[in-house]
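Visitor: Put together the whole structure using the sequences plus the hints.
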Amino acid sequence: MAKATKLSSFEVAALVDGLKNLDNDGDANDASSQAKPYKFGEDNHSALGDYYGLRMVNERFNRLARSVFLPFLRMQPRISSFPPEVKSYDHYTDELDNFSSLTISRIDELRGTQMVVLQPSFVSLLTNVYYGGSIDQPPPSGRNEFTATELRVIELVVGGLNRALEMAWRDLFQINFTKPSHEENLQFASFLDGQDQVVKCSFIVQLPNADPADVDILYPLQTLKPIAAQLRSRTQSDVMGEDLSWRQRLERAVMEVPLTIEAHLDEPEVQLGQISGITAGKVVPVNLKPKPRLLIGGETFFMGELGEVSGKAAINITQQLPTGTDLAPKGAQT
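Position 198 of the sequence shown, counting from 1, maps to 222 under the working numbering, and the rest follow consecutively.
You may find that some hints are simply not true.
What the hints assert, rightly or not - 25 Å max Cα-Cα, derived BS3-like pairs, lysine-lysine:
#1 K203 x K224
#2 K224 x K111
#3 K249 x K224
#4 K111 x K249
#5 K249 x K203
#6 K336 x K315
What the hints assert, rightly or not - Label pairs and their computed distance ranges (CB to CB):
#7 L39 x G218: 16 to 26 Å
#8 S334 x V278: 29 to 39 Å
#9 S214 x R256: 22 to 32 Å
#10 S112 x P236: 20 to 30 Å
#11 N209 x P95: 26 to 36 Å
#12 S112 x Q198: 23 to 33 Å
#13 S158 x K203: 33 to 43 Å
#14 P236 x R79: 13 to 23 Å
#15 V278 x D132: 32 to 42 Å
#16 E109 x F197: 12 to 22 Å
#17 I228 x P95: 12 to 22 Å
#18 S158 x I228: 13 to 23 Å
The set of hints was computed from the structure by calculation and includes no laboratory data. In this text, all values refer to a predicted model and were calculated from it rather than measured experimentally. Glycine included, every Cβ here is placed at the ideal spot set by N, Cα and C.
Guide: This is how it looks when you write it as structure tokens:
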């Protein structure tokens, strides 16, 4: 017998909206032939076009945000984004559980705000795995507040997501998210009025052996209107500035490349006839140079002096030579 599944709050809201649209179909058909009054400039949500610029920002964010979850999940999950959509703040909150993680940050460059929404189950999973738990362990239910440890995890995760978002926005418009404030009850979150329009950017974090997690980023529509021209533009480069984590990984990989260091003490010239007569036990005179050369990868980099350290022969580096310096003796042929 198939196991009954409980509908999520998002599915219930979509079902209710569908029933409302079904009830209004009859009235809409009767009034379809009648002209409707419309005033230009009112309820116009097309100022941002098809949100091409915002979609490009979200795609960059998908790649950059993966490393944010690495310390918590011990892996980089795959992140996917949905196309941005505009809806009223009331409509969005109707789809959301009353108990959620809501972090509101200031955007001083646009004189507006932004909100990051995390589900309590996802916060519990991150906290559990971060402290050694299993990723497939079911999160606790029936709660109405976060623990102090979970609040710290939320602070770290949202801080990392905001930094990744700043880098994703950098090529389109330079913004910074400052003064974050956290709420866990929709009734106390002072973000927008109910009828104000909000741009919702939804992301799915795919996890192994667990249900995918939702992350929502909300922008007030009025906050994005000053940069509507950039958001409509389809000319977007893919320059994201410096990716510090990538640069650090690259530097670490370069520093681990093994190199061979050679010390050339002398290169005597010997006639071909003497070489043919060399046998085991024969002595070849060698005059040690006062300043031997140190080679790295076949290139001369340093000059030194012969010495001794802890009873072992050593070379004291006295001079660094420019790259490409050739100090091989003239006429030396192999």
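Visitor: Confirm or reject each hint.
Guide: So, going through the hints one by one against the coordinates:
1. K203 x K224: holds, 21 Å
2. K224 x K111: The given pair, whose Cα atoms are some 8 Å apart, holds under the 25 Å limit.
3. K249 x K224: holds, 14 Å
4. K111 x K249: holds, 15 Å
5. K249 x K203: holds, 22 Å
6. K336 x K315: holds, 18 Å
7. L39 x G218: 16 to 26 Å: holds, 22 Å
8. S334 x V278: 29 to 39 Å: Cβ of S334 to Cβ of V278: about 31 Å, so the range 29 to 39 Å holds.
9. S214 x R256: 22 to 32 Å: Check passed, 30 Å falls within 22 to 32 Å.
10. S112 x P236: 20 to 30 Å: Since S112 and P236 have Cβ atoms about 26 Å apart, the given range 20 to 30 Å holds.
11. N209 x P95: 26 to 36 Å: holds, 28 Å
12. S112 x Q198: 23 to 33 Å: holds, 29 Å
13. S158 x K203: 33 to 43 Å: Because 36 Å falls inside the window, the suggested range holds.
14. P236 x R79: 13 to 23 Å: Hint holds: Cβ distance 20 Å, inside 13 to 23 Å.
15. V278 x D132: 32 to 42 Å: holds, 38 Å
16. E109 x F197: 12 to 22 Å: holds, 20 Å
17. I228 x P95: 12 to 22 Å: Distance hint for I228, P95 holds at roughly 20 Å.
18. S158 x I228: 13 to 23 Å: holds, 21 Å
When the structure is compared with the earlier hints, no violation turns up for any of them.
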